[in-house]
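**Q** Here are the chains, one letter per residue:
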Amino acid sequence: MAIVDLANPSRFLNLANRALPWFGGAVVLAFAFGLNQVAAVPDVYQQGATVKIMFLHVPGAWLGMLGWAVMTVAALGTLVWRHPLADVTAKAAAPIGAAFTLMCLVTGSLWGRPMWGTYWVWDARLTSVLVLFLLYLGVIAVWRTVEDPSRAARAAAILTIVGALDLPIIKFSVDWWNTLHQPASVLRGGGPTVHPTFLMPLLIMASAFTLLFAALLLAAMRNEILRRRVRTLRLLQASAVT
Amino acid sequence: MTALAAMLVRDMRIAVRVGGGALMGVLFFLVVAAMVPFALGPDLELLKRIGPAILWLAALLASLLALDRLFAADHEDGSLDLILMGRAPLELVVAIKGVAHWLTTGLPLVVAAPIIGLFLNLDGRAEAALVLTLLVGTPALTFIGLIGAAIAVTLHRGGLLVAVLVLPLTVPVLIFGVAAANAVSSGPAPFGTPFTILCALTLASLVVGPFAAAAALRQEME
Amino acid sequence: MRLTASNLACRRGGREVFAGVSFSAASGELLAIRGRNGAGKSSLLRTVVGLVRVAGGQLALEAGDPELTIGEQAHYLGHQDALKPSLSVRENLQFWADFLGTGAAAIGEPLAKVGLDTLADLPAAYLSAGQRRRLSIARLLVVTRPIWLLDEPLSALDAAAQQSLTDFMRTHLAAGGVILAATHGGLGLPAAREVWLGQAPSPLAGEGWGGGSGAGATTSTPAPRLATPSGRSQREGGEES
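Residue numbers (our numbering), protein chains in the order written: chain A, 165 to 406; chain B, 6 to 227; chain C, 30 to 270.
Treat the hints with caution; some may be incorrect.
[Said to hold, decoys possible] Label pairs and their calculated CB-CB ranges: (1) A/Ala319 with B/Ile120: 23 to 29 Å; (2) A/Gln401 with C/Ser35: 50 to 56 Å; (3) B/His161 with A/Pro313: 24 to 30 Å; (4) A/Val208 with B/Leu51: 29 to 35 Å; (5) A/Pro313 with C/Gly49: 54 to 60 Å; (6) B/Ser191 with A/Pro248: 55 to 61 Å; (7) A/Phe197 with B/Ile120: 33 to 39 Å; (8) C/Gly42 with B/Leu70: 27 to 33 Å; (9) B/Leu62 with C/Gly49: 53 to 59 Å.
[Claimed, not checked] Taking beta-carbon pairs under 8 Å as the criterion, some of the chain A residues facing chain B (in silico): (10) Thr282; (11) Leu294; (12) Leu301; (13) Ala305; (14) Thr309.
Don't read these hints as lab results, they were simulated from the structure.
Note that the Cβ used here is the ideal one computed from N, Cα and C, for glycine as well.
Using the sequences plus the hints, can you model the full thing?
**A** Here is the structure:
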């Protein structure tokens, strides 16, 4: 079975149903391991234990951006190749990505309060992530407002591709502007500047969250396919009754 | 279920199911409030001073959003004809529709305001005052808005006309709402004076709005 | 109960739509309102109901409820369906049952009568035009009001549904109701003609037809062909179903 066969929604449903329990198990294991590592991390000089918010905040940011990237690829699938699963992927990924972005914003805000003295500041990094969150909400609004699913898919796809411009802005905002948010410390030329004691748990937690993202995405895609089937059946039911 | 309860339930169901639901108003509120720092610059002290005013303006505009469809939707599908043939007084029906609009548009704004206040660097007391003034003032915005919505009912896309009609009428509410919200953070004026006047304005609008809107609807229908 | 109109006139948009219209309909009587397009059939119905202001003449209802207007004792089935697409079939009908009636009405039976009970939980958006029309007709069944004003009631209905509506109309008349129906062609299948117990041809103004030619007609006419004034230039094909 070639990977392109997955394009068939029924085959995909089949695969999703079989794969989800494994994903679920992997997520639990990864988090168990990750949290164990996080608990072992020592407190930091000034911040104390609050530095451990980093293990939620950074993966949240990465996955918020990853979610939009997934949606962008799906959007190309909708507009260019008319792939049947592309619509479903885009619609399913939006709320998940939005949730991770929200987690990033909230944890960052709580982390910043003791450090910077304020919950929020309008610097380039925070603002561009907030813009990403608003874009997520806008795409979700498009999905919910437009009645016909395929028209909604195309409208959302265009918005997604345009919004993808925000991703490089987020990434490089700390370099291009003078921000209160700290500069890049993991994904940068010259290697990470984070101490290994923190880097390893961070990467483990990030992987755990990524697995969670994948599992949630699979489940959401499965639900969306089922939801569309229910809709089709209802339409048939209405037209069958004279 | 009584006629008025049925109308309330129906309007709330429609508001929640159609067009993104109640969250669309909150999203608009958030977006408008977020636009202001882009326009004014990130000066936190400035934002703190004008924060309540910005949020009040944003709440006003967000309330206006669903107003033009309030009666026009019923007019377009023939429901308004039947509503006029019901035995419930039109003034009460209009008031109930206003209540449904406030519950689905105004109240979510009040709940969202503290969070958005954080973006504008408001402190705890300012936020509390803001929430209180919005809680009392947003019903006035809705009920005054009923008048504009009723006047524009026969227009298919009357949104801008409704805004033009309603905004001047809401000026007193805006003035006293912002004055009360600002009173806790700046100046010697007490919170109580503008707040009491705001309450009075709201109470008056709860009566004047439905009567004027019902009269306008009857005029338009003929 | 008797619904009487004397010299009724209507103006819309500054122009006179009709004038000098008189008719009378008593309990159990079906009044067919005929006229060509634009003659004002819909306006007459809306004037009787009270949605359009009376520009001249009088409307009177004898033996009705003196506390209520005519519109509050009538059902109006116009060209629009008054259905919300986001609500289910059941929710739509339940709303009108509660709003127009006393709220105690059961909607299961009227839904079954119009053949929509199996679709009760579907959103109204999924219904076809004929199904939406039938849901509107269910509204007339679920709330009891003595006067029915129907504007082209058989349009958008297939033969079976037209037959059902004719049956409902027959039942309503038998219970003492009054029906005013505006129509271009026939008011039903040939069998429906017996239903018409009394009709007053009321050709409406537009081209100098002058006053209604049938004032208060109470004859039982089995045939759908109305007594038409001579010189009338247009004649509906009353035979077609």
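**Q** All hints, please: hold or fail.
**A** Cross-check of the supplied hints:
1. A/Ala319 with B/Ile120: 23 to 29 Å: 28 Å, holds
2. A/Gln401 with C/Ser35: 50 to 56 Å: 51 Å, holds
3. B/His161 with A/Pro313: 24 to 30 Å: Holds - the Cβ-Cβ distance for B/His161 and A/Pro313, about 26 Å, lies within 24 to 30 Å.
4. A/Val208 with B/Leu51: 29 to 35 Å: 34 Å, holds
5. A/Pro313 with C/Gly49: 54 to 60 Å: Given about 56 Å between the Cβ atoms, the range holds.
6. B/Ser191 with A/Pro248: 55 to 61 Å: For A/Pro248 against B/Ser191, whose Cβ atoms are near 59 Å apart, the range 55 to 61 Å holds.
7. A/Phe197 with B/Ile120: 33 to 39 Å: 34 Å, holds
8. C/Gly42 with B/Leu70: 27 to 33 Å: Given a distance of about 32 Å, which is inside 27 to 33 Å, the answer is holds.
9. B/Leu62 with C/Gly49: 53 to 59 Å: This hint holds: roughly 57 Å between Cβ atoms.
10. Thr282: Given a least distance of 7 Å, the restraint on A/Thr282 holds.
11. Leu294: Hint holds; A/Leu294 Cβ to chain B Cβ min 7 Å, cut 8 Å.
12. Leu301: With a closest approach of 5 Å, the A/Leu301 hint holds.
13. Ala305: The hint holds - A/Ala305 has a Cβ within 8 Å of chain B, the shortest such distance being about 5 Å.
14. Thr309: 5 Å, holds
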